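Undergrad: Taken in order, these protein sequences are the chains called A and B.
At the far end of the first sequence sits residue 347, using my numbering, and the numbering has no gaps.
At the far end of the second sequence sits residue 347, using my numbering, and the numbering has no gaps.
Derived by calculation from the structure, the hints in this document are not laboratory data.
One should not assume that every hint holds.
Each pair may be met inside one copy or between any two copies, as identical chains are not told apart.
Derived lysine to aspartate or glutamate pairs resembling EDC-like cross-links, with alpha carbons at most 20 Å apart [claimed, not checked]:
| # | residue 1 | residue 2 |
| --- | --- | --- |
| 1 | Lys182 | Asp91 |
| 2 | Lys95 | Asp172 |
| 3 | Lys61 | Glu94 |
| 4 | Lys182 | Glu159 |
If you're wondering where the values come from, they're calculated on a predicted model, not measured in any experiment.
Protein chains: 2
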Amino acid sequence: MSLKVVMQGIESSFHHQAVEKIFPNEEITLLMCDSFEKVTNAVSKAIADYGVIAIENTIVGSILPNYGLIDTGNFEILAETILDIQMYVMALESESIHDIKEIHSHPVALLQCRDYLQKFPPQFKVIEGKDTASEAKKIKDQNLRGVAAIAGKQVAERFGLKILDSNIQDIKENHTRFVLLGKKEKQTIQQTDKASLKFVLEHNVGSLGNVLNLLTTFNINLTKIQSFPIVGKPWQYAFFVDVVFEDENFFFEVMEMLKKTVKELNILGVYKQDVSHAEVEFSNAILNGK
Amino acid sequence: MSLKVVMQGIESSFHHQAVEKIFPNEEITLLMCDSFEKVTNAVSKAIADYGVIAIENTIVGSILPNYGLIDTGNFEILAETILDIQMYVMALESESIHDIKEIHSHPVALLQCRDYLQKFPPQFKVIEGKDTASEAKKIKDQNLRGVAAIAGKQVAERFGLKILDSNIQDIKENHTRFVLLGKKEKQTIQQTDKASLKFVLEHNVGSLGNVLNLLTTFNINLTKIQSFPIVGKPWQYAFFVDVVFEDENFFFEVMEMLKKTVKELNILGVYKQDVSHAEVEFSNAILNGK
Chain A
58 MSLKVVMQGI ESSFHHQAVE KIFPNEEITL LMCDSFEKVT NAVSKAIADY
108 GVIAIENTIV GSILPNYGLI DTGNFEILAE TILDIQMYVM ALESESIHDI
158 KEIHSHPVAL LQCRDYLQKF PPQFKVIEGK DTASEAKKIK DQNLRGVAAI
208 AGKQVAERFG LKILDSNIQD IKENHTRFVL LGKKEKQTIQ QTDKASLKFV
258 LEHNVGSLGN VLNLLTTFNI NLTKIQSFPI VGKPWQYAFF VDVVFEDENF
308 FFEVMEMLKK TVKELNILGV YKQDVSHAEV EFSNAILNGK
Chain B
58 MSLKVVMQGI ESSFHHQAVE KIFPNEEITL LMCDSFEKVT NAVSKAIADY
108 GVIAIENTIV GSILPNYGLI DTGNFEILAE TILDIQMYVM ALESESIHDI
158 KEIHSHPVAL LQCRDYLQKF PPQFKVIEGK DTASEAKKIK DQNLRGVAAI
208 AGKQVAERFG LKILDSNIQD IKENHTRFVL LGKKEKQTIQ QTDKASLKFV
258 LEHNVGSLGN VLNLLTTFNI NLTKIQSFPI VGKPWQYAFF VDVVFEDENF
308 FFEVMEMLKK TVKELNILGV YKQDVSHAEV EFSNAILNGK
């Protein structure tokens, strides 16, 4: 029986690559959506076994709306994976870069290539599409001349398009972190060493410094912290925090202590860290260890 | 003699509104650029007296590349201002919403209106432009039928366009924080109560919890914290932090202490907080006070 995995975008997209990296050997039935909200809904309602969504990128930072979806969804983070994201310009086999009048891609991909795109003449059109891969597919399907897409190399290979330019994103070092979402009971038994937390502090309830020192005291080390506004509650602040640890049981004991000192604690997931990109900052830096 | 202020975009843009809010009574000569990098370059090279750039938004979060520009620029943050950002659809006076075949705006504005835009039929085109206001101006200047722009209300007023839809961003509560950049000697003498800092920690040098406790001990309260990857240095982490305080002299004494415990400290600016949007989280929440 194959696993049902829901993601945003179509086959060969970066999300599809992330799915394949998380499940290298399993038989997968892909459910493809056009928004992150539909992805998390499908997991919450058990329409899919798993969902995969991007949550942060080294150039644009955290994808805050996706953190919100994870925080409110009826599921947990079961795994993470990090991909090296390199952007390519692709078009029909017959085209050269001088034939291109307009370029299509996902808005975040276009943002990452802003410097590159500004070098084209003013009449050149930059057009937002649903996602990177489906814009490329459309060029092939509709035989669109004068049009290019920005997407990953694998998209050009999948749809038989010609690469006209390579590694065009403004900052060459470009990694995106994806998480696997699903019901806890679906988690395979394996040793975990990382967790994602959300907690809320009120200025008269506790101090962030105290929370961090509690974690440090028990050898739970921060790899990411981000304060996050709570709309309409100006005196409260939420934090999204990633931590790494050695002993899972000990970690849960500390979380019991933490619950008593914060206004709200949500353990978004406990999982194994992706060490396949050991050079990438957001997965490995240990901040408050001594 | 008028002040030379550089910004991204054209007259009536949100950046222009921010400039007018910061300098309500001064005579201003606007220098208009098409990128944030050109804005900070103009301030660094003293081509302009001041620059204004957006650095965070309640929906999309921090604009990380702009933090990078501030960190490396030869200037300081001299003030902040917060604007309520409401998005409007606008077109020529003769048009109705049913006539519109394509919509243009700045990529971040388009991202903020993604749900709204997805309700249009698939043949509807969403096109990235340089900024919100200049896309609207183009519609007027070139008498473009079937084309709408997404921008602030003031843009429709400025260029005589008709508003076809209002408050269309996905999340109604939408605030953007702008900062004024300039040379320190240009700062008018006034009492300051807020600062933006960047510091770097190594896991064997100090702990984030200790840094925060040092600040708390001296009544310097966090209003924002964000960890930030240092590309190519996986074991180091940078933090962008905003703090509020009561006594400026005391604040600088604590900074001298802080310098001794972190690997690197950069005071990005010391200024007066904008309390005109007291309901907005990122300017007012006090996190680690006791």
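Undergrad: Taking the hints in turn, state whether each one holds.
TA: Evaluated hints:
1. Lys182 <-> Asp91: between (23 Å within a copy, 16 Å between copies)
2. Lys95 <-> Asp172: Between. Shortest inter-copy distance 12 Å satisfies the 20 Å Cα cut-off; intra-copy 32 Å does not.
3. Lys61 <-> Glu94: Only inside one copy: lysine 61 and glutamate 94 sit 17 Å apart there, 45 Å across copies, limit 20 Å.
4. Lys182 <-> Glu159: For lysine 182 and glutamate 159, both the intra-copy (4 Å) and inter-copy (12 Å) Cα distances are at most 20 Å.
The structure shown violates none of the earlier numbered hints.
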